[in-house]
Every structure is written in structure tokens, then in C-alpha cells.
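Peer 1: Next come the chains, spelled out residue by residue.
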Amino acid sequence: METTPLITVEDLRVHFPIYSKGLFRKVAGHVKAVDGVSFSLGRGETLGLVGESGSGKTTIGRAILRALDVTAGSITFQANGDPVDLLALHGSNLKHFRRNMQLIFQDPYASLNPRMTVRDIIAEPLECLNAGSRQEIDEQIRAVAATCKLNVEHLRRFPHAFSGGQRQRICIARALSTHPKFLVCDESVSALDVSIQAEVINLLMDLQQELGLTYLFIAHDLSVVAHISTQVAVLYVGRFTELAPTKELFFKPLHPYTKALMSAVPTIDLDREFNPLKLAGEIPNPAAPPPGCRFHTRCPYAKQICIDEEPEWKQWRPHHYAACHRVAEIN
Amino acid sequence: MAQDAATQINTEQTVSEKDLRYYTASQWQLVWWRFRRHKLAMLGAVVLLIMAILGAFAHFFAPYSVTARNGEYIMGAPQIPKFWDANGVSLRPFVHGITTKRDPVTLRKIATADPDTRRYVHFFVEGEPYKLLGLIPMNIHLFGLDEGKLHLFGTDELGRDLFSRTLFATATSLSIGVLGVLVAFVLALIIGGVAGYFGGPIDYVIQRLTEIVRVIPVIPLYMGLAAAFPKEWSNIQVYFAMTMIFGLIGWPTLARRTRSHLLGQRGEDYVLAAELSGASASRVITKHLLPSFTSYIIVDLVISFPYMILSETALSFIGLGLRPPSVSWGIMLQDAQNIRAIEQAPWFFIPAGFVVLAVLAFTILGDGLRDAADPYSVSSH
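Keeping their order, the protein sequence lines are chains F and B.
The letter at position 33 of the first sequence is residue 33 when you use our numbering, and the numbering goes up by one with no holes.
The letter at position 279 of the second sequence is residue 610 when you use our numbering, and the numbering goes up by one with no holes.
Don't read these hints as lab results, they were simulated from the structure.
Note that the structure is a prediction, hence the values are computed from the model and not measured.
Yeah, the Cβ is synthetic: ideal placement off N, Cα and C, and Gly gets one too.
Heads up, a few of these hints could be off.
To be verified - Only some residues are given here: those of chain F computed to face chain B with a beta carbon under 7 Å:
id: 1; residue: Phe39
id: 2; residue: Arg98
id: 3; residue: Leu103
id: 4; residue: Ala110
id: 5; residue: Pro125
id: 6; residue: Leu129
Please construct the entire structure, taking both the sequences and the accompanying hints into account.
Peer 2: Pasting the structure below:
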């Protein structure tokens, strides 16, 4: 692990206001989609982000990309040796900084404008940055298309000519056209067939090796996350419950929620018993999260302290963080 | 590695010519291919095209001008060119000559066809001088008789040729439709675009305004506004005032549609992708949002044409729109609304057939366009 991480996120909070109905819309409350998340990510690493629907995975990704307004916290990006405070960037500074980070979407059908040729789609980030003449841009596009295993012939075509996997490669090519250092992959393979998933994941991993990319890989498929990530964070109602190197998290989880998640991974190994821990209840409403530990409503180990006090985010083993009052007793 | 990948994919498959054509087809090509399969809509388009050409070049296609009178043939029945009669066959179409007598009782002129005389139809004949499209001075008309006058649709009470008048009326009525729709289109795009793009309170206020405009009953409003036109206004002024009224009343539906499309498309992934690529608001609107709903707007425009045409016809029919000597479908039908026309001159109603034909054609065309407009709705190949 490098000494200076590429991205450092501290106490990130994203709250969405809830408006009351009527002409004069008052703020009636907040959905705390992300509520105090910290992590750092070194160059060339991949952070897998897992969690249930509505736990705030996508919000974290988009907040880092400055696609939505951050309520509080700080995001520091190590660009060319100088730390850049992402949240302080505005206007054209932000626009030009966008070349350093890009998003790969979940749905390769919705994220490509059907009315533009593949060439124009990939060229968009370059054209927005005025990154040279048409010829120079064309050369760059050809290079990046080849990296993403797209034929030069394909550039003239429209998205409707392509299958899901090919479209996702176009999305990756668009994301790579400005030579970013950091990519957010937001469920980037969950809309694809399993065989195509493997193809896209392998492409992403090859690109990471080749170009030294750093990924924030958001997914709910744990096997995919295990394959690609160097470390994994588990998110529950806007907060991390556990963050650890992949192997540690999968084989020696500390938090009861992570344990429940891991036990629910289906297996084809007939010798191993498949006996998932069943959690009672539903994921709480992020507009009114439960007090204390947010997991206490469903946690089989919950005690009075879990309701009264918020658990501390603590390092229990090297690089292995968890937020739980009872880590020592459970394990 | 990049080179390997490229060559590998090159050998992977050879794409057939047809597939390649599909792969490289733009939105408009796809719309066109889909539209072409819609035979009825194609027919509607052809009918409208013919009407537009007839109207635009009415001076050439019409044998006579709007006001030219034939005193010998008043309220005369349509004359249909023939190729043969009792006297034999002719390769050149002809009509029988007219002899006029006065009725001894009513003193009215009565025209009767004389089966022994033939007036031959000639093409590209010289006639009244005019300016084609208001620019090129000409005096050639598509057809005419060697002697006397030919009235395909008959004549009116003043002996004016109804065929010629119908063609000129087509030009007026269609152009009012086009101008009215254009005014409505511009207003709708601005109002709907602002509401949809900014949303929030601005949208709220605009929507309430739209509702106010929508609940005004149209016919009384037309009557009120048209009655307010000063009597001394020339027909040109009335003409433009009418198109403005139609436009000012016609925008709400389209504005609503524009707004809802903008609201819907604004949250699409590809818009976010463009924003994350550093695209400015104007780039997002012009390169991503606008192209995504132009096809819908065209459909909407086509469908709103008939309303414009019918509005003009209705207004002129009740005598509040254009006034003679201008001629439009509404004015021609106004002439037809008397007992004498119904009883003795049913050919006065021929322009009504044009109205029906135009409205039907527009509706069918709009229908076909709507089916073809979104080529990405179904990934049909």
C-alpha cells in the first residue's frame, strides 16, 4: 500500500431534503443517504462497496464524482502530487478536473445516447474539454477504442447496433478517453449476462494493470466484488459497518451484519452446508435511522448499549475496521 | 495488446451489407425506414405533398385567376373533358361548347351544352399573366381550351371558376395552418422548455398559466378576437392576425409535451454521463435533450395542423375570418351555405372534400409518424 492514498474521504455526509407538498415547499426532513463515511484508497487499488438497495452505495460514488451536492465532509484527491480538495472546486476548475475521474454506469442501454455515433459518444469528454483538433481527438479515440477491444469500424455505428457487453465496453471507452486516474463503477456489470460479466470484469482488471487505474467498485454481487477488489467496505443505512482487505472480510468478518451477508453467499460446494443467517425485519428508513447502532433492530447480538450509543469506527486488526460494540465478545 | 485485439475482432465476423447499413443508420434514417413501411401514412404524405404543390403553384395549375368571371356560364355545372361523343372519338380531350339563352320568364341566363361543337383542351396554354411564387413573371397555364373557358368544378354565382378558386383556397388555408403551427411551435418550445428544464416554482407558475389558456372556450374567443379586428384592416393584416391567434391558442398541448419530455429525459443516465464529461448546460440541451424529442414534436406539429385548418375554415365560414376577394376553404364553403347552392349547384361543396381530404391526410400522416418517431422504443431489426 502506498504512503499517500489517491483518494481520501473523511466523514462524508449526503443528506437529501424532503419537501412538504404545496406551493410553499418547506423542508420536512432529510433522507440521510450517506451519513459519515471515511476511507482512503491507494493508487491501483480497488475498493468494493457492498450493501443492500438503498444503503447509499450509488450516492457515495456520485458524491465523489461531484454529481450531487455533498452536505458535509471532505474529499481529497491526489492529482499529480498535489492534494486537491474536491469539494472546493467549482465552475471551470471542476469541469477540467473531471478528466481525472469518471463513472461507468449500471445500464449500458440508458447511459449511451442512442442518437450519437459511438465515435461521438467516446469523443464527448474530449470535446467538452477542447482537448485538441478533430484529428487529434480522432487519434485518441482510436487508441482508446482499441484498448477497450472495439473495432475502428464500430466507431461509425450507433449504439443500437451493439449488445449489452459491447455497449458496456463503449461506456468504458468513453470513461477512459480523458485518461482518468479514478473510475467509479456503479453496478457496472449487474445488468449483463454472467458470461459477459466475466468479460467486462477481466477487461476492467486488465485496464487497471495496464493504466494503473483506481476503482470504486459498487456492486451487490459478492462474488464479483471478491474477484476484483483489494479491499471491501460494507454499507448499512448510510454508514460503513466494516472495511477490510478482501480476504479478511470474506473469511474473518467481524461485524454481525457482514457475517450474515457472507453466510448468504450461495455456493456450489455440496460438502459445505448452506445455512444463511436469517435477519429479521427490513432495512430501516434512512430518513429516520434508528438510534445508536443502526443495525441493532436486526442484530441477533444487540444489547442495551447498541440502542443507546453509536459504536465507534475502530481498527481491530491491521487495515480492518468495524463499527460494533460487541466485536470482542462475538469473535 | 491493442493491435492484437483489433486484428482479432477484424477476423471475428464479416458483417453483411444490410446489417452494416442498419448499424450506421442515424435516427432520421431509422425513422424514415420505419415510416416507409406504413403504407397509409405514405399515402397521406403524398396527398399532402400534392396539395402543397397545387397550392404553391396555383397560378400555374389554375387556368384562371380568383376573380376572373365567365359571364356566359354562371352557376354552371362541372365540365368533364371527354374523349368521345355521338360524333366520334378524339385523341385530344374536349368539352362541348356552351350556348346561352335567357329564360323568358325569370330572365335568368341559362347555359346549355351544345353537343355539336367541340372545344379542345390544350396543355401549357398562354393565359392571364401572373408571377410564379410572386417572383417569375409567366403567362403559361397548365391547361385551357382553344376557345371559351373550361370549368372542371363548375362556376359560382358570379361565373368564377371553382377549380381555380379551390386551388388558391388550398394555398391560403394550408399556409395559415403552417404559420399558425409555427407560432404555436416556437411558443411551446420556449414555454415548455423553460418549465421543463428549470422545474420547481417556475414550472408550477407556467403550468397554472397553461391551464388558464386551455380552459378558454375556443369558438367564443375566436369570435371575440375576430370581431375586434378593425374593419379597415386589409386582408393581409387579417390573415396574419388570424395566424397569430391560432398560434397563441395552440401552444399549450405542445408546451406540456415538451415540458414532460424534458423532465423525463433530464434524469436519464446519458445526460448525467454528459454532465460528468464536463458538458455545459447548453451543450446538454442542444446535443442531448433536444434531439431526444424532436421526433415527438414533429408528430405533434403534424397532428395539430388539422386543428389550425379547421379553425380557419370555421372562422371564415361564420364570416369572421378572411373576407372576399381573398379565398380560402372557409370562404368557399360560406358561399355554399344557401338553399340555392344545395338545390341547384351541389358542386359548390367540392372544397369541403378538400378540407376532409387534408384533415384525414394529416391525421393519418401523424399516426404513421408517431409509430415511426421513436426508433429506439423497440429494438426491432
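Peer 1: For every hint, state whether the structure bears it out.
Peer 2: Taking the hints in turn, this is what the structure says about them:
| no. | hint | result |
| --- | --- | --- |
| 1 | Phe39 | 21 Å, violated |
| 2 | Arg98 | 5 Å, holds |
| 3 | Leu103 | 5 Å, holds |
| 4 | Ala110 | 4 Å, holds |
| 5 | Pro125 | 4 Å, holds |
| 6 | Leu129 | 6 Å, holds |
The structure does not agree with numbered hint 1 stated previously, though it agrees with all others.
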